[in-house]
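Colleague: These two chains come separately, so use the hints to put the complex back together.
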Amino acid sequence: MRGMVERTRWVGSPWATLAMVSGVAVGGLALLRLVDPRIPGNYPACPFLFVTGCYCPGCGTLRALATLMEGDLRGAMGYNLFTTLSLPILAVLTVVVLSRNVAPLARFELRVPPLAAWGLLVVILLFWGLRNVPAHPLTWLAP
Amino acid sequence: MSGSNHTLNLILAILATIFCCMPLGIVAIVFSAIGMSRQGAGDHAGAESAARTARICIWVSVGLSLAIWIIYLVIFVALLGVAVLPFLALA
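Protein chains in written order, with my numbering: chain A, 1 to 143; chain R, 1001 to 1091.
Here chain R stands alone, though its shape is the one from the complex (with noise of 0.2 Å):
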């Protein structure tokens, strides 16, 4: 993985931190902070494990967030349509 890659982990791992809400970002932004430190000392496979496991944390993230969302627009929606039922049920 090149030194790049390490960049754009940490740039979603701060994305992810900034709007996903959760402690999990910052486990990403130290393990692309990691990742990039061993990249600078020449351990390239240590770094990459490194970036694997901050991609990880990044992911999970922002699929527990997504899934936060999703839950809370089912809820809307479902409670939308109860208050909107007896209308249509006098219509």
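Okay, chain A solo, but in the shape it has when bound (with noise of 0.2 Å):
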């Protein structure tokens, strides 16, 4: 029972999130170099895509990484803007986490303001509605 509650401390832990983000994101980039996204038929759909016939928020998430792994910042973003412009946010994000965790560092008082939460939510769901306008200018948002 003790040796349960202590592995569901570590389970919780931002130590092994990190952990485990962090390895399912090295095997993912090395799935994108071995199984190219911008080939149609190499990955499946994806449901939301296959059911509504709309583009979520992430479309094009894939091969956007894709593309940014060969340092084509400008063909990135043109498969998912907000993939490629949030990834240094979340970096930026992780480390404010992680500092706290860290003896030194934790006196440092980084906190995200619960305002940037919201501001977020309405870029993402702004961005979720504009891409799926076929209107040109707006076209460039869509995967």
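Hints listed in this document are in silico derivations from the structure and should not be mistaken for laboratory results.
Given the structure is predicted, the values throughout are model-derived calculations rather than measurements.
Derived list of chain A stretches under chain R, where covered just means 3 residues or more per stretch with a C-beta under 8 Å from a C-beta of chain R:
no.	region
1	34–47
2	88–97
3	113–122
Positions of the beta carbon are idealized from the N, C-alpha and C atoms, including for glycine.
Modeller: Written out as structure tokens, the structure is:
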């Protein structure tokens, strides 16, 4: 029972989450190098796209990452502007979270204001809506 | 739950939205934001409950997305098997 509690604590710890997310990330990037997502049929259609016919905010993420790995920032933005731009933000946020668990850095209270989270939500919802509009300047947001 | 874990929830919620293609990811972002707002207002119990809901939404979307990938892989391997079998029989 005690071991169970210890394990649960480890599973929930930010370090464990970071280890898991980076493990999946490295594996995923390796898979993208092996199997190119830009060739149709290599990967299954996203279930959301399959069912609704609409692009979700994540559509084009795999293609954007594959393009980004080749150093083509503009091309990556063309596949998914939000993913390409939010990756640095997510990286900074992760450092903020983890710095709280490192003793010398714990004194610096780097708080993400709740307003930023709500702002991010609005940005994602706007992006979701606008990339599905089939009008000229907005088609650039579509994957 | 400390403020840093609410930020972690937000990160995971965004990752779930981008990679899992689930409207549930948006729900997870909403609950992370609610958690952060309540934490800021001093409502620790409310913040904790919102954070728990956010976590559930994150893991359900990750689980569903994994399940879809596994189903796809099984179908792919099965089709490959059906395609290759006649050649194996000839050889």
